[in-house]
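Visitor: Quick mapping for you: the protein sequence lines, in order, are chains A and B.
So in my numbering, spot 218 of the first sequence is number 218, and the numbers just go up one at a time.
So in my numbering, spot 180 of the second sequence is number 180, and the numbers just go up one at a time.
Treat the hints with care, since some could be wrong.
[Stated by the list, open to error] Quick look at which bits of chain A chain B covers, simulated, 3 or more residues with Cβ under 8 Å:
#1 191-204
#2 255-269
#3 311-322
[To be verified] Capping the alpha-carbon separation at 27 Å, the derived lysine-lysine pairs in DSS-like fashion look like this:
#4 A/165 <-> A/223
#5 B/206 <-> A/370
#6 A/370 <-> A/356
#7 B/15 <-> A/382
#8 B/49 <-> A/370
If you are wondering where the hints come from, they were derived from the structure by calculation, not from laboratory data.
Every residue gets a Cβ at the ideal spot worked out from N, C-alpha and C, and that includes glycine.
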Amino acid sequence: MKKLPEHGEVTPSALRDRKRYLLAALACAATTLATTPLFGLLDPANIVMLFLLTVLLVAVLLGLRPALLAAFLSVGLFDFFFVPPRFTFVVNDGQYLVTFAVMLVVAIITGRLAAGLRSRADESALAARHARALSEMARELSGALTLEQVAEITDRFLGAILQAKGDIVLYDRDGQPRPAVDHRTPHLVVEPRMAAIAFERGETVECSVLAESGCAAVYLPLKAPMRVRGVIAVAPAQSFTERLSAQRPHLETMASLVAIAIERIHYVDVAQRTQLQIVSERLRSSILSALSHDLRTPLAALVGLADSLACSRPPLGDAQRESAEAICEQAERLSGLVENLLDMARLHAGNVTLHKEWQAIEEVIGSSIKLLGRALAEHPVKVRLADDLPLIEFDAVLIERVFCNLLENAAKYSPAGSAIEIEVSLREERMEVRVADGGPGFSVAEAGTEALFEMFVRGESESALPGVGLGLAICRAIVEAHDGTIAAGNRLQGGACVTFTLPLGKPPLIEEEILPEQEEEAK
Amino acid sequence: MKENAPVVLVVEDEKQIRRFVRASLEEEGCRVFEADTLAGGLVEAGERKPDLIMLDLGLPDGNGVDFIRDLRGWSDAPILVLSARSNEKDKVQALDAGADDYLTKPFGVAELRARARALLRRQSRTEAASPLFEFGEVRVDLSRRVVTRNGEPVRLTPIEYRLLCVLLASAGKVLTQRHLLREVWGPSSVESYHYLRIYVGHLRHKLEIDPAQPRHFQTETGVGYRFQP
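Please work from the sequences and hints to get the whole structure.
Guide: In structure tokens:
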């Protein structure tokens, strides 16, 4: 029988065993010594009884093997000291052989029984302790608020039942592992492949060979109600390796408790983050809308007042009218800039809600051209659409901004009279839109680079042309919000060309109507 | 100022905007009254019986859409909404509540006057409807259900024809997508925006010179469509 592992006990079991055999031998010697003076007074049968009692006590207190030793020793000592002729192992009376045999058998049987009883008592005490440790852990886990606390509680539990060490590895949604507690030196070496297998299959993986090399030997999946959250790797202390399988149920219970605790913490975290996000979102949008109102209102007044001054009656003198028109134009430009800045702020805040609808790209091209109106007066716009373009899902207001910005840029950077070309084609599950102008194009260093799409970057630095490099940055933010791509380059025949793509998706089915005439023909 | 000059009510909280709106409208020969709150606007509208109301959606004492619903209970004077860009949802709400058109700030005087003129004109000629419409190369005779382009008959499907009729009947006016879907496809189809898009596309391809840059069937992005004769 193995002695119980007391918490914190480190004596190797071999030493303990030797001590127990010694104690058993001492007990037999003591019995011999105590009985010797009584030799004349007691029957040999009663002396046998005393030896049997000793064996029984040894069995109860020290376990089966010491009891067996005691049984043999008792027979030997009884023979040597009490069976005539005394102080020899010679036996005169053959009857004593029966005594010895019975004594040995009785000693062995009682010893076994007693030891069995003892070991069962021990086992149930152990089970009780483990159950206590588990319930203790469950209680502590229910109050745990951080992953650090969970890791600490797990450590304590593993130490108590197995003198084992454990590390928790969490997996995110994409199956990427990360330690549950950052900045903590891991207790043990976790074999990543074993952990991954346990995580993917949702089953406990055990490999005792690993324990020898100091690796974790058992990998328990942390199965929470929503999904497997990770793996807890356990490495038992050297002397307990063989007891691992007996502890599997406890370990698995522990794993599910830890999993639930981790999931609970995760959702508390999510709830808190969402709350925070809602609050900051609300704040941001109220600041933005207040800001946009405050910026736009005076600009609207400025544009209107300057414009009404320019066309007031009786007409102003030429110089004054020109000034009024210039004020109006500048105010309009400022207003456009403010719109771009507000757009950028809104897009940069991250969570743009797209009002996606299935529609024809043609439509938003038309509305952008109409919206720009005067700005495109000196540039004919040629639109070339591939045949049978499907409907595509996008936010019309935002994609209109993309076209407006691209067309505005094209008009700004190309000489008056040169045409702007818009070309739409289909390419590999994507709709590709190219907006090209007849201007000088992007400089060689800039063409095809990402830098053009950064905020406040302009094609020609220090250029006399008005505008801040927000246009392309806005385009990129909008296109990327649609899972599209955008790139800028130069055409072979000259002129800048910005190309963006949008994913095609699956447009809803439209039942085509038949013309009444066709209907008649069909009849 | 003439006795029968049209009466316009401007409900707008920004004084400088009211000022130039008033100046522009007076040059159009209108009599202009002002209000700077919703409540004041409603009182004025009751007293002055305006022929046109210009309404800023962002007023300090409430939402302009409520004003429109309130007013539509007892008046069908045309309403021109003044609103900032990027408030497409507000515009649609206002139009669905009964507003007739909108102007996006900032706007110039010419644009303002053109819109005001269009609304006042429509207001004055409600009964004298003619079954004949002409725009560009296209001629539509509603009484004979005939559409021709350059003298050649154009074949339209029943839905296309119905859509064309609805658009023609509200020429110059912005019609929201929901409104068009309800009128053409019936109340159960008000969410099938892609149908509307497809059919407007059909009309453009059949009746516009350059369907990608339509002159008559104009898109009001995020809001709806407008037929411009």
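Visitor: The structure should be examined with respect to each hint, and the outcome stated for every one.
Guide: Do the hints match the structure? See the list:
{"no.": "1", "hint": "191-204", "result": "violated (count 0)"}
{"no.": "2", "hint": "255-269", "result": "violated (count 0)"}
{"no.": "3", "hint": "311-322", "result": "holds (count 3)"}
{"no.": "4", "hint": "A/165 <-> A/223", "result": "20 Å, holds"}
{"no.": "5", "hint": "B/206 <-> A/370", "result": "20 Å, holds"}
{"no.": "6", "hint": "A/370 <-> A/356", "result": "22 Å, holds"}
{"no.": "7", "hint": "B/15 <-> A/382", "result": "43 Å, violated"}
{"no.": "8", "hint": "B/49 <-> A/370", "result": "35 Å, violated"}
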